[in-house]
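Peer 1: Sequence:
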Amino acid sequence: MAESKGLVRDLDKLDVQLDNLEDALGPLLEGLDERASQLPLLDRAKLFSLSAYAIESLLFASLKLQGTDAQSHAVFTELKRVQQYFAKIKGVEEPEPQGQRSTTVNQEAAARILKADLADNKALSAKLAEKIAEERAKALLKSVEGGSGKKSKRAADDSASAGEASTDQGGKKKKHKHGKKSRR
27 MAESKGLVRD LDKLDVQLDN LEDALGPLLE GLDERASQLP LLDRAKLFSL
77 SAYAIESLLF ASLKLQGTDA QSHAVFTELK RVQQYFAKIK GVEEPEPQGQ
127 RSTTVNQEAA ARILKADLAD NKALSAKLAE KIAEERAKAL LKSVEGGSGK
177 KSKRAADDSA SAGEASTDQG GKKKKHKHGK KSRR
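Residue numbers for the sequence shown follow my numbering, beginning at 27 and rising by one.
Some hints here could point you the wrong way.
[Unchecked claim] No more than 27 Å apart at the CA atoms, straight line, and that leaves these computed lysine-lysine pairs for DSSO-like:
#1 Lys148 x Lys164
#2 Lys153 x Lys141
#3 Lys153 x Lys168
[What the hints assert, rightly or not] Between beta-carbon pairs, the in silico distance windows are:
#4 Ser88 x Gly32: 17 to 23 Å
#5 Lys106 x Leu68: 18 to 24 Å
#6 Glu160 x Ile115: 42 to 48 Å
None of these hints come from the bench; they were simulated from the model. Virtual Cβ for every residue (Gly too), placed ideally from N, Cα, C.
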């Protein structure tokens, strides 16, 4: 009998706490769309995410109290999904610094694409070849000023001769790095 009195008291306490929770969440959930329409986009995303997380958390707690395996329930996957939204919102609020870009431009591939695309347009192709030659000259100058000596110069010469071979078009014979001509 003592256990049943303690259980009744705990249930009454839980009922009061649920009433308090409903009173606290009522204003938030009643006019959610109206409140959200007045907020900026980022704050609106936070409001919807937090509301969904609060509801899903309550459902998860209810399942746990009923003795159900809440980890395998669909509510748990929804909680994880809402947590992913939190991570996305945080990513928008705190973007990565510019120095830590995760993607880079493959300059060699871009040059190949431009060369192939501009092969028919002689004027643009000549301008592109001129720009590439300027960039190589700048790189060579930097490497010589950097004091890296013969290795950098040889690497620049090799890349320059390879660049000449790749810019050669049509039925012409291509040059190799050692100055030999190949047969077609």
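Peer 1: Now tell me, hint by hint, if it's right for this structure.
Peer 2: Going down the list of hints, with the structure as the test:
1. Lys148 x Lys164: Holds, at about 24 Å.
2. Lys153 x Lys141: 11 Å, holds
3. Lys153 x Lys168: 23 Å, holds
4. Ser88 x Gly32: 17 to 23 Å: 22 Å, holds
5. Lys106 x Leu68: 18 to 24 Å: 22 Å, holds
6. Glu160 x Ile115: 42 to 48 Å: 45 Å, holds
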